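> Chain by chain, the residues run as shown.
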Amino acid sequence: MADLLEVSALTKRFGGLVAVNNVSFSVREKEILSVIGPNGAGKSTLFKLISSFLRPTSGQVRLKGERISDLAPHIAARKGVVRTFQETTIFKNMSVRENVIIAHHLRSTASLIGFFLGTSTAKADEAAFGASADDILELLGLSSLAGEIARNLPHGHLRALGIAIGLATNPSILLLDEPFAGMNHDETMRMVAMVKRLRELGLTILLVEHDMPAVMKISDRIVVLNFGEKIAEGTPAQIQNNDKVIEAYLGSEDEAIGL
Amino acid sequence: MTHNVKIASVAAFLAIVFIAVPVLISASGRTDLYYTLTSVALLSIASAGVWLTFYIGRINIGQGAYALMGGYVSAILVVTYGWSFWLTLPAAGLFCAAASVAIGLPILRLRGVYFAMVTLVLTEVARLLALALPVTNGAKGMVSIPLPGALSAFGLIIIPDFATLHNSRLAFYLLAAALMVACFAVVYRLVHSRIGKLCQSLQQNEELASSIGVNIAYLRVIAYAVSSFFGGVAGAIFAAISQSIYPSSFTVTDSVNFMLNCFLGGLGYVFGPMLGTLVLYFGWDLLFQTGQFQLLIYSTLMIVLMLFLPNGLLSLAATTRKKG
Ligand SMILES: Nc1ncnc2c1ncn2[C@@H]1O[C@H](COP(=O)(O)OP(=O)(O)OP(=O)(O)O)[C@@H](O)[C@H]1O
Ligand SMILES: [Mg+2]
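Line by line, the protein sequences give chains A and B. The letter at position 209 of the first sequence is residue 209 when you use our numbering, and the numbering goes up by one with no holes. The letter at position 50 of the second sequence is residue 1050 when you use our numbering, and the numbering goes up by one with no holes.
Here chain B stands alone, though its shape is the one from the complex:
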């Protein structure tokens, strides 16, 4: 793509997300769609994190653990310690990143199915911890979390108190969308800088990478920390929207879905997880009308897609562009 085409597509995307969607929703009166799209944005942030671990050659089925952790960190800081939500957002991300460094150092040595299994267990461990720890309030979870307050700097109010807004759904949508754009911009930049090439070198041959002087352990941990940061902030906003968090807010199913989003969109494309999340989320909803067959049809479609489009939905766009 040429530079101008790139800028134009980014501008078009931003216009759709921040202008067209709100305008269309308010025109049609379907404000429930805000919640749906906010969820898609947040889930795609968590999925982008999973995508990043795929990028260093690791199958990550543990993002649910970090989403849950992020949700609890934010909730506890707001409810128990009276922090502003806006401070807990980066705090939740950083907490998850730090935890993932401690967890990642030993487990990132594992490869393939072994790493995948450990991360799967991680999600379950996170749930059990949330049940057991005194600070998380056990099975009752954390409820009636106040809505995000005002964010001000130098006496200027940058973001108003969500509780005073008559349309906090729109505010959450804008917050989630803005964060999604920021996260994907970070991933895009990572992938298109030398760091991306270094990550690819890990994915393709770790032994050779270390023989050319790449500190593979360090790079793996960095990528995993960024990935978990994404999971943490996504979880924190989820807790703020639903004003609650429970041990079962993010489960193994969510972890698997984050991974499927990446597969579906395409592991070779930065924006794969975003498209994958959108399609999966709406696809699942559409299939709701098929009643008891929902899961059957859904699974069959997933299998067919993976067989015929192993490189994800975006590979369709890539091949038509090449032909055209």
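Extracted from the complex, chain A is given alone in its bound form:
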């Protein structure tokens, strides 16, 4: 399978701190690739670099061969690289359905003036967004909550809404930052199945997660970061038996990597 995303020698410094240090790896099409590592390893920073929310100090990110680092975030999104946030991030005063509809922004064919005047193109857009939003809500099991104001959702559903928003942008690669955080076992397993569905629908998924059993279950490959550096890359089985990885996680909990 072809490489969709290529991260080469990516480095990000915050003053004296090197949050991401010379990291390279690539993501294949329709792959689920997880990035793991202890707290502060630089995982979220890596995601922000890939989605152009941060500019790299050096190195670059390429999507289908085209350089996408140094763009504005909304342009990276337009190119198909969209991330969800580690913190629960939604439009809290809109309904669940409105959250997903607005996230269709990139698919609009009408201009702002068109929307102002209510042209037929704009009306067609609105109808299409509504229908697509309903599909996405259905897919994520949120249909019954469509009319609810987003800030009133319980935590598990908020995470799902975050993903629904990401999906609505029609990305080619979706970056999920800790999608299972704060979920109980059942919710996590439902979400794992959900993410696998997304891949079957043609999406490439990059995810950061601390829940090791879930990571081992879901990932095709895993990249391990420690202190900003990549210390390992491989299949779940390879990572579980990697000495460097075991060492990095020692001192936290042994079961952390599912041993």
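These are calculated hints, taken from the structure and not from any lab test. Careful: at least some of the hints might be erroneous.
Unchecked claim - Distance condition first, Cα-Cα at most 20 Å in a straight line; then the derived DMTMM-like pairs of lysine to aspartate or glutamate:
#	chain 1	residue 1	chain 2	residue 2
1	B	1197	A	134
2	B	1197	A	98
3	A	92	B	1032
4	A	92	B	1161
5	A	64	A	31
6	A	196	A	135
Said to hold, decoys possible - From the derived model, a few chain A residues whose C-beta atoms are all more than 12 Å from chain B:
#	residue
7	66
8	125
9	162
10	229
11	231
Stated by the list, open to error - Distance ranges between label pairs, derived from CB positions:
#	chain 1	residue 1	chain 2	residue 2	range
12	B	1005	A	190	30 to 36 Å
13	A	181	B	1036	55 to 61 Å
14	A	148	B	1005	52 to 58 Å
15	A	128	B	1182	47 to 53 Å
16	B	1306	A	220	33 to 39 Å
None of the values given here were measured: they were computed from a predicted structure. Every residue, glycine too, gets a C-beta built ideally from N, C-alpha and C.
Fit chain B with the ligands to the given chain A structure using the hints.
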């Protein structure tokens, strides 16, 4: 509201503004009220602009700067360059919109109190500029600005020369009211189209908005430009009515008042700034009888209102409608 109720309320509102008010005023002979209501209409246009910046999550205390700028642009074009007032009206709006794009690009990155402070300073900068620039005639201001002339197209006179009218007060009132209706119609349409949702997305979470592909910088500047356009046209008509404009015609106090009008009426309601302006303007006048206590009572009332009606006066109507 159903479609029919909406149409009926709009029709009723238009009938009050364009028929009932003029009829009542001429019946009672209180023609001074024209000036008051014209002021309310113009101030509410400027306030509607401020409301729009609130809508994208920015506290704007700088609308006075654009009102002043609009007033001067119109006055200078009429007096110095002999333009027709009717041309200077859109010119003043466009000039302010263009200026606000240049000013907004850097400052709209700021949020919360930082943006608010910069806009507050902006009003003062505008005043100082008006004092210093050669074209604005310094502290003496621009005076004896001629009244708006006739507006004609294809040989037809659409609007007569205000100087020939025996009741130019009524003419100004109708002009200001018509413009107010147009401006609020624009804001209403903006808010109820997808653009409104995009603005809300900015207000609620800019980072998420840009991650779903919204060009937040562009949208912010557009909203701010529309806002400043409103400020500019309101200022231009003020200059035409008073036939003069001075560096102190719009000050920080006015900027603050535009913002208070929005608060008072309700930030969640398109027509909040209109109601807020009306209530504040007449409230201030009514309190005039309390003499030296005017400001004290006024401020106390404002504080009480904000404490007990944080969503503005229109939230009262909204809750009674829900209950009823
Ligand atoms: N904007 C910033 N300015 C300065 N330092 C930062 C910034 N963002 C992150 N850092 C630092 O960079 C390092 C990596 O942070 P990052 O958030 O990427 O870690 P993480 O792997 O996502 O951790 P966690 O698992 O806790 O989410 C941390 O030491 C953090 O304090
Ligand atoms: Mg993180």
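> Each hint: holds or not?
To see whether the hints hold, each was checked on the structure:
1. Distance restraint check for residue 1197 (chain B) and residue 134 (chain A): the Cα-Cα separation of roughly 18 Å lies within the 20 Å cut-off, and the hinted pair is therefore satisfied.
2. Restraint check: the Cα-Cα separation between residue 1197 (chain B) and residue 98 (chain A) comes to about 8 Å, which is no more than 20 Å; the hinted pair holds.
3. Annotation: proposed proximity of residue 92 (chain A) to residue 1032 (chain B) is violated, straight-line Cα distance about 48 Å (limit 20 Å).
4. A threshold of 20 Å between alpha carbons decides the hint, and for residue 92 (chain A) with residue 1161 (chain B) the separation of about 53 Å lies outside it, so the pair is violated.
5. Between residue 64 (chain A) and residue 31 (chain A) the CA atoms are separated by roughly 14 Å; this keeps the pair inside 20 Å, and the hint holds.
6. Between residue 196 (chain A) and residue 135 (chain A) the alpha-carbon distance is near 17 Å, which keeps this suggested pair within the 20 Å criterion.
7. With a least beta-carbon separation of about 17 Å from chain B, residue 66 (chain A) lies farther than 12 Å from that chain, consistent with its non-interface assignment.
8. At roughly 8 Å from the closest C-beta of chain B, the C-beta of residue 125 (chain A) falls inside 12 Å, breaking its exclusion from the interface.
9. Its beta-carbon lying about 9 Å from the closest one in chain B, residue 162 (chain A) breaks the requirement of being farther than 12 Å from that chain.
10. Here residue 229 (chain A) stays apart from chain B, with its beta-carbon at least about 27 Å from theirs, past the 12 Å limit.
11. Distance to chain B confirms residue 231 (chain A) as a non-interface residue, since its nearest Cβ pair spans about 29 Å, more than 12 Å.
12. With their beta carbons about 44 Å apart, residue 1005 (chain B) and residue 190 (chain A) fall outside the hinted range of 30 to 36 Å.
13. Taking 55 to 61 Å as the suggested C-beta distance range, the pair residue 181 (chain A) and residue 1036 (chain B) conforms, at roughly 59 Å.
14. Distance hint for residue 148 (chain A) and residue 1005 (chain B): a CB-CB separation of about 27 Å, inconsistent with the stated range 52 to 58 Å.
15. Between residue 128 (chain A) and residue 1182 (chain B) the C-beta distance comes to about 32 Å, which lies outside the given range of 47 to 53 Å.
16. A hinted range of 33 to 39 Å is violated for the C-beta pair residue 1306 (chain B) and residue 220 (chain A), which are about 56 Å apart.
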